[in-house]
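Undergrad: Single-letter residue listing:
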Amino acid sequence: MEFQFTQKQIDFRNEVLNFLKTELPSDWPDRMKYWPGGYGSMELNEDPEMVRTAIAFKNKLAEKGWLTISWPKEYGGKQYSYMEQAIYEDLIMYYKAPGMGIATGIAGPSILHFGTEENKKDWIPPIARGEINLWLGYSEPDAGSDLAAMRTTAIEDGDDYIINGQKIWSSAAHLSDYAWLAAKTDPDAKPHKGMSMFIVDNKSPGVTIRPLINILGSHSFNEVFFDNVRVPKRNLIGQKNMGFYYLMLALDFERLMVGIGAFAKMLEELIAYVKTAQRDGRPLSENVQVRQQIAYLATRLEVAYKFFWRTADMLDKGQQPSVEASALKLICTELSRKMADMSMEIMGPYGQLTGPSPWTPIRGMIPKGYLDCISATVGAGSSEIQRNIVAQRGLGLPRK
Amino acid sequence: MDFDLTQEQKILKQSARDFLKKECPPSLLRELKSDEKGYLPRMWKKMAGLGWTGVMIPESFNGIGGDFIELSILLEAMGEVNCPSPFFSTIVLGAMPILLAGNENQKKALLPGIADGNLLTAFALTEPGQYFDPVHIAMEAAPDTDGYVLTGTKLFVENAHVADKIICAARTGGNPGDKNGLTLFIVNGKNPGIRVNRIQTLAHDHQCEVVLDHVRVSGNDVLGPVDGAFEILESIQARAVVAKCAELVGCLQTAFDMSVTYAKERNQFNRPIGSFQAVQHHLANMVLDVDGARFITYQAAWKIARDLPFRKDASMCKAWTGTAARQVTTLAHQIHGAIGFCEEMNLHLYYRKAKAGEVFFGDPAYHLEKVAQALGL
Ligand SMILES: Cc1cc2nc3c(=O)[nH]c(=O)nc-3n(C[C@H](O)[C@H](O)[C@H](O)COP(=O)(O)OP(=O)(O)OC[C@H]3O[C@@H](n4cnc5c(N)ncnc54)[C@H](O)[C@@H]3O)c2cc1C
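One line per chain: the protein sequences are A and B, in this order. Residue numbers for the first sequence, in my numbering: 1 to 400. Residue numbers for the second sequence, in my numbering: 1 to 377.
In isolation and in its complexed conformation, chain B is listed as follows (with noise of 0.2 Å):
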C-alpha cells in the first residue's frame, strides 16, 4: 500500500496545476456561462500542446500513453478551478469510447484529431424522461441501405454545441428495457438533419439537447458490435464515473480548503468561528468526506490503470463521492454565510459543480443499487 503520487505523478499534477492557475480561475466558468462556445480555443490548444488531449491515447495516435491515473489527475486539477473545456466530453467520453470500442479505421481517423485538440466529441445517451440506465434507451436506428436512419431527441449533451463528432447510442433491436438491440453511433456534429438546442443548467455547463431528424449514418461509423453495445456502454459509463469522481474530488478539496481558511479567517464574538465547535464538527466531518473521496477515487482509478475489476469500485466511489459533494459544498456555504451568497464569490460554483457532479452518469442512489447487485443482492 503507498497512498502517495510517484515523484512523476507529482510533477503532473504541480504543472497542471500551475498551468490552470495561470489560464484558468475559478471565476472563468461564470464568465463563460453565457458563451457561444462556451469554452477558450486559445487555452484548449495550449492544453493540447501540453498533451493533455492525447493522455489517454497511444503514441501511435499521436498520443502520449498515459495511464487512468494521469488523467484522474489532470481532471482532478480541472476540478479544483471549475476549468470550463471540452476536455470531459472529448477526452473520457470520445477517445475513450473509441479506444474500448473503435476499430483500427476509427482510431486513425479519430484519436490523432483528437490527440492533436482539432477534433471536440459529445456523448448522446439520455433520451427524455429517461435518468440513468441505458436499457431504456428508445431512439431508432433503422437499418437503410448501406447504413442507418436516426430519429430522436437526447438530452444532457454536453459541448454538442461545439462538437465535430457525437456518439450517440440508439436501438437497432429491441425493445426500451432491453439490454440487446443497443448500438453506437459516430454522428457527424454538423449533419444537417441535427438541430441542437443549448439548455441552461445549474452548473453553466453547456449541455444540450440535441434532436436527431433522420440522420443517415453510414455503416462504417458503428462503434462496436451492432446491437451489443449494452456491454460497452456500461463499461464506458463505469470510467466515466471515476474520471466525473476525479473531477469531483478537485471541486471537493477547494471547496473544502476555502472554508478551513474562512474559519480560521472570519472573526465573530472576537474569535475565529472556527474556534466554535459547531463549525469544528462540520469541518470535521467535511475531512471524512474529502478524504474518502479521494481515497475510493484514486482506487478505482488506479484499478482501471492495472485493468484489475473495478465496476463494483466504481459504483462505490461514485455514491459515496457524489454524496461527499453535496455535503461538503454544502457545509462550506454554511460556514461561509452570507459573503457566500453573492454572486461574485466563487464558492457556489463549486456547488452547482458538485450538483451536477452527483447526478452525472448515475446518482448515489443509481450506483448504490448497482453495488448491491455486485455484492450478490
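Okay, chain A solo, but in the shape it has when bound (with noise of 0.2 Å):
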C-alpha cells in the first residue's frame, strides 16, 4: 500500500499546474459556472471569446500529448500511466479547463479496445489531436436507463448503412462535429445481439438537430432526428452486432469521467466563503452546523477521491473499472447532490439568490447547482442504475 504520488507523478502533476496557471486567464475558472457533477451547464458556449480561449488552450494540450496521456505513442499518446492521466484530469477539472470531453475521454479510449485497425486508423488520430467533438447518441424518448429498448436502426445498404430513428437527451450535439451513435443493426434480434456503434458526421443529409433548453436556461442538450442518413461502412466501430457490449465498455469510460477536481474547487470556494461572509453579526465558520456541514463534505469529497484514484490503480494494473466506474460516479455524484444541499442551507435566503447583487453569494454558484445537481444522479446512468449495477453485477445478487 502507498497513498501517494511517486516522485515522476508530483513533478508531472505541478508541470500540469503551472500550465494550466500560465494558459488560462487567471479568472478561467470563476467564469465556468460548472457544478460539479452536474450534465446541464453550457458556459463556455455562451462567449466567442471563452470559445477561443478555449481552442487555443486545447491545440496547445494536444501538442503536448496531454489529452491522450495514458494512450500508446502509436496512438498519438505519451504512454504514461492511467495514474499520471487521473492526475491530470483532476487539474483540468479544478480549473475548470477545456481539456476533456467525449472524444478523449469516451469514444477514443473505446476505439482503441474494440475498433478495427481501420478505425484507429481513421479516428484515433484526430482525436488525438483534438480536431474532433463528438456527441453521445444513446437516449431515445423511450430508451433512457433502458438502453437495449433502442430504436434507431441502421440497414446495410450497400456500402452504406442507414439511419433511421431519434435519440434525446444529447448534450452539446449541436457544438459537435459527429455523433458516438448507438443503433440496431438487427432490429430482429434479441437486444445484445443486434446492436453495432458507428460514428456519424453530423453534416450528412438527413440528420436535423434540434434544441431542448434545460431547467437552468441553457441550450445544452437537443433532440437529433435521422432520417435515411446514409453512413458509410468503414463508420461502423468494431463488429457488426457487438454494440451492446461496446456500449457497457463505453458507459463505464464514461461513468470514470467524474469530474473530481471540480469538488475540490467548490469546496475550496465556500470553506473561503463561509470565513468572510456574516450571519447576524458573526463569521459564518464560527456556526456550529455550518462546521459541521463543512467537514462534513470535506470527508465525502477524501472518500469520493479514493474512489477515483482507485481506477486509476486498477488501471494501471491492467484491469478494466467497471462495477468500480459506477460506485466512483454514483459517490460523486451523490455529492453533487449533497454539496448543492448543504451549500443551500449553509447560505440560508442568500442561496435564493441567482442575478448579480451584492448579496449574492459566490456568483449565484449554490442556486444553479441547486438546479444541475438533479442532473448529476440521473444523467450517465441514473443513481439506481448505479445501484443495480454495484449490488447485481458487483456482488452477484440476483436480479429476480
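Take these hints with a grain of salt, some might be off.
Stretch by stretch, here's where chain B covers chain A in the computed footprint (C-beta under 8 Å, at least three residues) [to be verified]: (1) 209-218; (2) 320-331; (3) 335-344; (4) 350-363; (5) 382-389.
To be clear, the hints were calculated from the coordinates, so they are not data collected in a lab. Using N, Cα and C, we set each Cβ at its ideal position, and we do this for glycine too.
With the hints as a guide, bring the two chains together.
TA: So, in C-alpha cells, the structure goes:
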C-alpha cells in the first residue's frame, strides 16, 4: 500500500499545474459556472471570446500530448500511466479547463479497445490531435435507463448503412462534429445481439438537431432526428452486432469522468465564503452547524477521491473498472447533490439569489448547482441504475 | 379526532381548485417571471370577487370572516399550481399583522382596501447579512417631530415593487441583538425616499431589495407598541410559517402526485418504472413526508383557528414541512429522469418553490432550535 504519488507523478502534477496557471486567464475558473457532477451547464459556448481561448488552449494540450496521456505512443499518446492521466483530469477539472471530452475520454479509449485497424487509422489521429468533437447518441424517448430498448436502426445498403430514428438528451450535439451513435443493425435479434456502434457526421443529409432548453435556461442538450441518413460502412466501429457490449464499456469510460477536481474547487470556494461572510453579525465559520457541514463535505470528498484513484490504480494493473466505475459515479454524483443541499442550507435565504447583486454568494453558483445537481444523479445512468450495477454485477445478487 | 375537512371546507377547497384550474396553469409562474408586475391583475380582481382577499378579515371591514383553516385551504390550493399572486404578501403578511397589532383607525383605513383587492402590501424584515431572527434588526428609526425617519436596507421583500404599503420593522431603541427597541411601521410604498430593486431568485417570486433613505413616517403609522414589536414579530412569524407550510403542502402534494402517475406510466425494461422497488421506496418515503406535512400543518392551523397555544407546533410544522418539501421535490425529479430537467416541464417550478418555502421565515434548523427551546432545553 502506498497513499502517495511517486516523484515522477508529483513532477508531472506540478508541470500540469504550472501550465494551467500560465496558459489560462486567471479568472477562467470563475467564469465557468459548471457545478461539480452536473451535466447541464454550458457557459462555454455563450461567449465567443471564451470559445476562442478554449480552442487555443486545447490545441496546446494536444501538442503536448496531454489529451491522450495514457494512450500508446503509436496512437499519438504519451504512454504515461493511468494514474498520471487521473492526475491530469483532476487538475483540468479543478480549473474547469477545456481539456477533457467525449472524444478523448470515451470514444477514443473505446475505439482503442474494440475498433478495427481501419477504425483506429480513421479516428484515433484526429481525436488525439483534438480536432473533432463527438456527442453521445444513446438515449431515446423510450430508451433511457433501458438502452436495449432503443429503436434507431442502421440497415445495410450497398456500401452504406442507412440510419433512421431519434435520439434525445444529446448533450452538445449542436457543438460537435460527429455522433458516437448506437443503433440496431439487426432489429429482429435480441437487443444485446443486434446493436452496433457508429460514428456519424453531423453534416450528413437527413440529420436534424433541435435544441432542448434545460431548467438552467441553457441550451445544453438536443433532440436529434435521423431520416434515411447514409453512413459509409467504414464508420461502423468494431464488429457488427457487438454494439451493446461496446456500449457497456463506453459507459464505464464515461462514468470515470466524474470531474473530481471541480468538487475540490467548489469546496474551497465554500470554505473561503464561510470564512468571510457574516451571519447575524458573526462569521459563518463560527456556526456549529456550518462547521459540521463543511467537515462532512470534505470527508465525503476525501473518500470520493479514494474511489477515483482506485480506478486509475486498477487500470494501471491491467484491470478494467466497471462496477468500480459505477461506484465512483454514484459516490460523486450523490456528493454533487449533497454539496448543493448543504451549500443552500449554509446560505439560508441568500441561497435563493440567482442574479448579480451585492448579496449574491459565490457568483450565484449555489442555486445554479441546486438545479444542475438534479442532472448529476440522472445523467450517464441514474443512481438507481448504478446501485443495481453495484448490487447485481458487483455482488452477484439475483436480478429476480 | 377527525382528520377530514368539514363539508363546508371541502366545498371551499373544491371551488378554489376549480377556479385556479381555469385561471392559473402551473406554468404561469414561469410566464410571469420577468413580468413587470409579476401577477395578473385580472386574476387578482377575480380572487377578490370570490372573497379570498377578505378571508381573515372580519365582515365589519368588508371581509368574509373566515379562520386560519380556511386561509390554509386557499393557500394549499394556490400551492398546488404555484399561483403567482400578491396573496401571501398582502393577506398573510399585511392583513394579519394589522389584525394582530393595528388600532381601530389603522384597521378601518387599510383592511377594507385589502379585502376589496385594491390595496397591496409587503413586509420588510430581513436586512443584509441577517438570516431569520428579528432580534438582529438594525435599521434605524430616528424620532422626528411627530414621527420617525427610517433609513436602511431590507432584503427579500416579496412584492415590494407593487406594494401600496410596506410594513417595515426598524429599531427605535436598543441595539442589534436586543429584543427590546423594535417597532413596526406602515410605510407608504410610493414614498419618494424608497427605492425598490427587484432581485432574481430561484423561485421567480418577485422578491425585492428595498432601500429606505430618510423616509418620514408619521406617529400614526406605528403598528403596535413602540419598542415592543418583538413579541408581535414572533407571533406574525409563527403564523406566517404555518401559512407557508399550507402552501407547501399543495406544492408537495402535486409533485408527489405527478411522480406516482409518472411511475405508473413510464415504462423501462418492459415494465412500469413504478414496479422497481427502488422507485417504490422513494415513493413510500414521500408518502410519509407528504402526509406528515399535511397533518402537522393542519394541526397548527387548527390550533391558531381555535386560539390555542401553537408556537411549538408552528416550528415543528416548519421544520418538518420545509425538509419534506425539499426531499419530495428532489425525489420527484429523480423519478422523472431527464424529462424533468427540461425548462418547459413544470416539475422544476415545484422544486424551486419548495426551496423558497424551506428558507422562508426560518429554515428547518432554525425552527428545530425553537422546538428545543419550547421543550425547555
Ligand atoms: C443533463 C443531461 C444530459 C444528458 N446527456 C446525454 C447525452 O449526451 N447522450 C445520451 O445518450 N443521453 C444523455 N442523457 C440521458 C441520460 O443518460 C438518461 O437521462 C438516463 O439514462 C436516465 O434515463 P431517463 O431519463 O429516460 O429516465 P428513466 O430511465 O425513465 O428512469 C426514470 C426513473 O426510473 C428509475 N429506473 C429506471 N429503471 C430502473 C431500474 N431497473 N431499477 C430501479 N430504478 C429504475 C430511474 O433511476 C429513474 O429514477 C442526459 C441526461 C441529462 C439529465
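Undergrad: Hint by hint, note whether the structure agrees.
TA: Hint check results:
1. Here the segment 209-218 of chain A counts 5 residues with a CB under 8 Å from a CB of chain B, which clears the bar of 3, and the coverage holds.
2. Only residues whose C-beta sits within less than 8 Å of a C-beta in chain B count toward coverage, and the segment 320-331 of chain A has 0 of them, not enough to reach three; the restraint is violated.
3. For the segment 335-344 of chain A, the proposed coverage by chain B is satisfied: 3 residues have a C-beta within less than 8 Å of a C-beta in that chain, meeting the threshold of three.
4. Chain B is given as covering the segment 350-363 of chain A, and this holds because 8 residues of the stretch bring a CB closer than 8 Å to a CB of that chain, at least three being needed.
5. With 5 residues having a beta carbon nearer than 8 Å to a beta carbon of chain B, the segment 382-389 of chain A meets the requirement of three or more and the stated coverage holds.
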